[in-house]
Amino acid sequence: MIISSRAYILVGLPGSGKTTVGKALAQKLSVPFFDLDHLIEENFRVSIDTLIREGKESYFRLLELQSLKTFCQRVRPCRFVLATGGGTLNDPRNVRRLQSLGVWIYLQVEFEEIIRRLKEVNHALLTRHKASDLENVLKERVPYYKEAELVVERTHPSPNETCLEIWRKVYGQRGFQKNEKNEATAQSAA
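Under numbering that gives the first Met the number 0, the residues of the sequence shown are numbered 0 to 189, in order.
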């Protein structure tokens, strides 16, 4: 059981549900939610999808590095949920920054399911790589994710079920309950 008064950092492959689960988790915990990809797009007025499709991933990674640095300087100390980008952990500087923020939660999804989800939304990675090559690109990232304090297998179809699993792993309890101050507290096991 990991008790956290720090932030929750969601890591995982593109399409693993970091944004969807992150929003649901933040709502249940009554804390702010941030999505690193959205922060990059807002701060620099660029489309990450376009940058990747145009082969400008190295430029995107520089924007990501700067955005995370600025974000980390502004949020301490604070409790929140952050969804990282799929390749954020490829840069050791990002890893160091994120390690100081909070608990890493790796949303683990089978590669076949990731590929299916990316195809479903016509993700930019599919235009840069053949599906057969994409699995190798994604597999290179997995060792970084496995450094997470928590691994949550995304076998649950709903974000709420995934949130409950995260809650159980963090607090060792069965669910969420809001108190009068609108803060999430553990529901007693009955």
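In case anyone wonders, no lab produced these hints; they're calculated from the structure. Please note: incorrect hints may appear among the correct ones.
Label pairs and their calculated CB-CB ranges [as the list claims (entries may be wrong)]: (1) Asn89 to Asn42: 30 to 38 Å; (2) Gly171 to Asn135: 22 to 30 Å; (3) Phe110 to Asn42: 27 to 35 Å; (4) Cys77 to Lys118: 32 to 40 Å; (5) Lys145 to Arg44: 14 to 22 Å; (6) Arg52 to Arg75: 18 to 26 Å; (7) His37 to Glu148: 35 to 43 Å; (8) Thr18 to Ser99: 18 to 26 Å.
No residue lacks a Cβ here, since even glycine has one placed at the ideal position from N, Cα and C.
Verification of the supplied hints:
For the hinted restraint 30 to 38 Å between Asn89 and Asn42, the CB-CB distance of approximately 20 Å leaves it violated. Checking the proposed 22 to 30 Å range against Gly171 and Asn135 shows it is violated: the Cβ atoms sit about 37 Å from each other. At about 31 Å, the CB distance of Phe110 to Asn42 agrees with the hint of 27 to 35 Å. Checked against the hint of 32 to 40 Å, the pair Cys77 and Lys118 passes, with Cβ atoms roughly 37 Å apart.
Distance hint for Lys145 and Arg44: a CB-CB separation of about 34 Å, inconsistent with the stated range 14 to 22 Å. Judged by the Cβ atoms, the range 18 to 26 Å given for Arg52 and Arg75 is violated: they are separated by roughly 35 Å. Between His37 and Glu148 the CB atoms are about 24 Å apart, so this pair departs from the stated range of 35 to 43 Å. Between Thr18 and Ser99 the Cβ separation comes to about 22 Å, which falls inside the hinted range of 18 to 26 Å.
Violated hints, listed in ascending order, are 1, 2, 5, 6, 7; each of the other numbered hints is respected by the structure.
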